[in-house]
Amino acid sequence: MKDYQAGYIKLALPKGRFLSPTASLLAEIDLGFQDYNDKTKQYRLRSARFPGLSAKILQEKDISIQVAVGNYDLGICGLDWIEEFLVKYPAGALVKISSLNYGEGSIHVVASAEAGIANLDELSDGRNDYRIVSEYPNLAEAFALNLRMRRFRIFPVWGAAEAYPPENADLAVLWGKSGAAIATQGLIPLKRLLPVTAFLIANRESLENKDLSQVLMCFSSKLTADLPAKAWQAGPQTSIENEFDSSGELKGPRPLWQAKEINLALPDGHQQAPTSQFLKRAGLALQGYSEEVVSRRPSADLDWLGIKVIRPQDMPLQVANANFDLAITGEDWLREHLYRFPSSPVKKLFALGFGAVKIVAAVSQEMPVADIDELRSLVQSSPDVIGAPLKVASEYIDIADRYLRDNHVNPYKLIPTWGASEAFLPEDADMLIDNVQTGKTLEQHKLKIIDVLFRSSACLIANKGSLASSDKKEKMEFLTQKLRAGLE
Amino acid sequence: MKNQKCKGMQDLLPEDMLRFRRIEDVFRACCRSWGYREVRTPTLEYLHLFTATGTLTPSMLSKVYSFLDWDGWSGERVVLRPDGTIPVARLYTDNLSGQELARLFYVTNIFAFEGTGKENRERWQCGAEFFGGAKLAPDVEIILLAEEVIRRLGLSHVGLQLSHAGLVKALLKDLNLTPGEEAKMTNRLLEGNWQALTRAKSADPEIDRLIAALLDLKGKSSSFLHNVRASFPKASQDFKSSLEDLINVTTVLDNLGCSYKIDIAAIHGFEYYTGVCFQFLAAGEKIGGGGRYDNLVPLMNGEDIPACGFALYMDPVMQLLPLDKEKRGESEILVKGKELTPEIVKTCFTVAESLRDAGHTAELDFTGRKESNYRWVVMVAGKETSPFTLTDCVQKRPRYIGASTAEILKVVSEG
Chain A
1 MKDYQAGYIK
11 LALPKGRFLS
21 PTASLLAEID
31 LGFQDYNDKT
41 KQYRLRSARF
51 PGLSAKILQE
61 KDISIQVAVG
71 NYDLGICGLD
81 WIEEFLVKYP
91 AGALVKISSL
101 NYGEGSIHVV
111 ASAEAGIANL
121 DELSDGRNDY
131 RIVSEYPNLA
141 EAFALNLRMR
151 RFRIFPVWGA
161 AEAYPPENAD
171 LAVLWGKSGA
181 AIATQGLIPL
191 KRLLPVTAFL
201 IANRESLENK
211 DLSQVLMCFS
221 SKLTADLPAK
231 AWQAGPQTSI
241 ENEFDSSGEL
251 KGPRPLWQAK
261 EINLALPDGH
271 QQAPTSQFLK
281 RAGLALQGYS
291 EEVVSRRPSA
301 DLDWLGIKVI
311 RPQDMPLQVA
321 NANFDLAITG
331 EDWLREHLYR
341 FPSSPVKKLF
351 ALGFGAVKIV
361 AAVSQEMPVA
371 DIDELRSLVQ
381 SSPDVIGAPL
391 KVASEYIDIA
401 DRYLRDNHVN
411 PYKLIPTWGA
421 SEAFLPEDAD
431 MLIDNVQTGK
441 TLEQHKLKII
451 DVLFRSSACL
461 IANKGSLASS
471 DKKEKMEFLT
481 QKLRAGLE
Chain B
1 MKNQKCKGMQ
11 DLLPEDMLRF
21 RRIEDVFRAC
31 CRSWGYREVR
41 TPTLEYLHLF
51 TATGTLTPSM
61 LSKVYSFLDW
71 DGWSGERVVL
81 RPDGTIPVAR
91 LYTDNLSGQE
101 LARLFYVTNI
111 FAFEGTGKEN
121 RERWQCGAEF
131 FGGAKLAPDV
141 EIILLAEEVI
151 RRLGLSHVGL
161 QLSHAGLVKA
171 LLKDLNLTPG
181 EEAKMTNRLL
191 EGNWQALTRA
201 KSADPEIDRL
211 IAALLDLKGK
221 SSSFLHNVRA
231 SFPKASQDFK
241 SSLEDLINVT
251 TVLDNLGCSY
261 KIDIAAIHGF
271 EYYTGVCFQF
281 LAAGEKIGGG
291 GRYDNLVPLM
301 NGEDIPACGF
311 ALYMDPVMQL
321 LPLDKEKRGE
331 SEILVKGKEL
341 TPEIVKTCFT
351 VAESLRDAGH
361 TAELDFTGRK
371 ESNYRWVVMV
381 AGKETSPFTL
391 TDCVQKRPRY
401 IGASTAEILK
411 VVSEG
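Chains A and B, in that order, are what the protein sequence lines are.
If you count by our numbering, then the first sequence holds residues 1 to 488, one letter each, in order.
If you count by our numbering, then the second sequence holds residues 1 to 415, one letter each, in order.
The reader is advised that the hints may include incorrect statements.
[To be verified] Think about it this way: if two alpha-carbon atoms lie no more than 30 angstroms apart in a straight line, the pair counts; the simulated BS3-like pairs of lysine-lysine are:
(1) B:7 x A:210
(2) A:88 x A:41
(3) B:5 x A:88
(4) B:5 x A:210
(5) A:413 x B:63
(6) B:201 x A:88
[What the hints assert, rightly or not] With the Cβ distance kept under 10 angstroms, some of the chain A side facing chain B (calculated, not the full set):
(7) 116
(8) 142
(9) 469
[Stated by the list, open to error] Footprint (simulated), chain B over chain A, 3 or more residues, beta carbon under 8 angstroms:
(10) 20-31
(11) 145-155
(12) 474-484
Note that these hints are calculated values from the structure, not bench results.
In this text, all values refer to a predicted model and were calculated from it rather than measured experimentally.
Cβ atoms here follow ideal geometry from the backbone N, Cα and C, with glycine treated the same way.
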């Protein structure tokens, strides 16, 4: 429940790309958050200037949702994530106060130079079934509907959308610094959906009922001077600019691409280094996948093998759709996928012995429970202690959902996160379900593990159809045998 | 924790269901008497059914409940049926397209998101669709069928408005808008913003004059349309042919004594209409509507089959429906056990069964609550020689003491 009288104001601040410029802005307007900088290790901040003002550092994707649900009164995040939310929930409780006038690039709709899509009209006229990949599935869907595309499928991805066209997607909706920068990736920008600038946002109820004026006044020099007309927008901003006029000029180097008989997906991020070492042990020589230089399309000395580097979270869905025959991902993400789509044609071939993590359930050290049974009893017997329903933050939504159902914890509410679920406890969630290597991070945040759901490590997964295909069988077996040799 | 209803969903309580069933019963009876046959389509359909036909506006599509099914790994989304007609057209195309004529009707719920949560997100409608046949007669048939349903429901002060999608399309064409502008204008019109038409000035003042006249004047007979035809001789061929269509339908309606108002803006939210359109208004609210949609079946890769239909919106009709006291459906007879002993309970069930077998409604009660709204109350006592007391609730006094089951049956049957 909100306490309007207390004068207590909560602000959500971004991690990542907007951290530095936001920190400079806050220093300039003197909000009193000296510890908000690149080096900060903490999530929670208190204003040295305003006693009632506190802040939390969150993933940008989470900020618009957290402000909309009322966990925070104000927030700062990119317009892309705000619109991604508003386009789906226009009547939601999120109000855009104003642009903060920093940020760069735009969200574009792009096609591969190879795809031969010459203009947007072709997309709505044709009878093709277009595959659209995006980190912004709602913006992608709104784009397709507005264009009246007859048939399309949206593939949400956690990242690396630029790697998908043309083989694995016809269109991508993604961030790009400029049309020219997009063209250097061998992609043609078709439409600029919106510019990515940082915005100050507010929860509608807070704005209507709570005195936020002291904080808003600090921002005021930054808000009204530059963009008065854009202030206080509640609805989604759907202005769309056609980029076709310029696309003729944007002929970047096209990636050399040709269809390969077997396609393998390799992970980026944390899993990249151990995967690279594993492939070396297996004797699979790759160019473009060493620690120093990572290409989205490394090459192997096997001319029939196509390789792409994408997010491990996205691999099971991509393998299910036969965009890849094989992939190296985590057992956690395979399980998450199979819980969501039980009939999916993806199969685990074998574990690879690295990237071991535990998927755990954790709560605040102050919560008087030692295991899930005690938590269940607590939720049932004294819902007031935690304020039912139990709020569970997790990046594994389907794993968390099944775990809570199987353990008869009821009622509960899932809060999807994009990693770092520990930042949500204890104020914005009661429990997290996340992966840990050692558990030290949880301890630092005064959390305790009450259950280990399962252990997960890197594994090789395959498309069932590819395994059974007479055309592919021999080469699939050759490759899996080769990879098996890398097991220690 | 308090159980709470999902936002935007509605509970139908016994009184609501009486109204609901009354509408359904009247609608079903009318449709059957005109030779229509009932169908039912699934709650889930593929999203592409609605995008592929290009017949729902982007704004409607942005409000559908779409999601990935448990086997949705291929990215193929499914939707909770957002419209009644498109699924029935799909059913016809999939199963019945061999039939030259198909008269089908349905009672169904449709789902559309509504932002405030104050309006219903699940709505019910009764609809009838006519596949095949020529123009004119099916258009008139559908309108008269809808009228008959409304009349038999006893709704008063219901107005019928007529329009023609072809007229609107011809006017849009005459405005010479770019494809993008035309799509935007169409969306505005379908969302009910007809003034947008007057603001879009065309190069030809004659078109502006025609648009202004059609938005301003509301004709009440085919004579009005004859006047329009005479006043705007330079109107496009498309306009004239649609006008001719509407003249034919209104002439038949005039001759059958059916009153209506011609209002070009009487086209409800769907883009699939191609010909004569109509809507019914009561107390300022749309309670039904329909029209001709000749392109829908071909767009679904079906044959070139023309079609028309209408739907009655049950939620507003339920609000307007008069309901007589005697139709409220309370039980006629209450069989009441004086005590909760096995012997009395058994006797009560036996008596109630005899009453039901004789065609009466008999409700059982073993509590001490005060009975109300029954015609008769049969009190069943213990092991006395005459276990029954029959009370006439109209006379408000126990009239028959010591009655047997046969006697009770005789008395209640005689009233």
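A quick look at each hint next to the structure:
Between residue 7 of chain B and residue 210 of chain A, the direct Cα distance comes to roughly 26 angstroms. Compliance with the 30 angstroms bound is thereby established for this hinted pair. For the given pair, residue 88 of chain A sits about 33 angstroms from residue 41 of chain A by alpha-carbon distance, which is inconsistent with the 30 angstroms threshold. As the CA atoms of residue 5 of chain B and residue 88 of chain A are separated by approximately 22 angstroms, the hinted pair is consistent with the 30 angstroms bound. Taking the CA atoms of residue 5 of chain B and residue 210 of chain A, the gap is near 29 angstroms; set against the 30 angstroms cutoff, the hint holds.
Proximity of residue 413 of chain A to residue 63 of chain B is assessed by CA-CA distance (about 24 angstroms); at most 30 angstroms being required, the pair is judged to hold. Only pairs whose Cα atoms come within 30 angstroms are accepted, and residue 201 of chain B paired with residue 88 of chain A is rejected, the gap being roughly 34 angstroms. At its closest, the beta carbon of residue 116 of chain A sits 22 angstroms from a beta carbon of chain B; the interface hint therefore is violated under the 10 angstroms criterion. The beta carbon of residue 142 of chain A is positioned within 10 angstroms of a beta carbon in chain B (closest approach about 7 angstroms), and the interface hint is therefore held.
Hint status for residue 469 of chain A relative to chain B: violated, with the closest Cβ pair at about 18 angstroms, above 10 angstroms. Beta-carbon proximity to chain B at under 8 angstroms applies to 0 residues in the region 20-31 of chain A; the threshold of 3 is not reached and the given coverage is violated. Requiring three or more residues with a Cβ within less than 8 angstroms of a Cβ of chain B, the coverage given for the region 145-155 of chain A holds, as 10 such residues are present. Only when three residues or more bring their CB closer than 8 angstroms to a CB of chain B does the claim for the region 474-484 of chain A stand; here the count is 0, and the claim is violated.
Taken one by one, the earlier hints fail for this structure at numbers 2, 6, 7, 9, 10 and 12, listed in ascending order.
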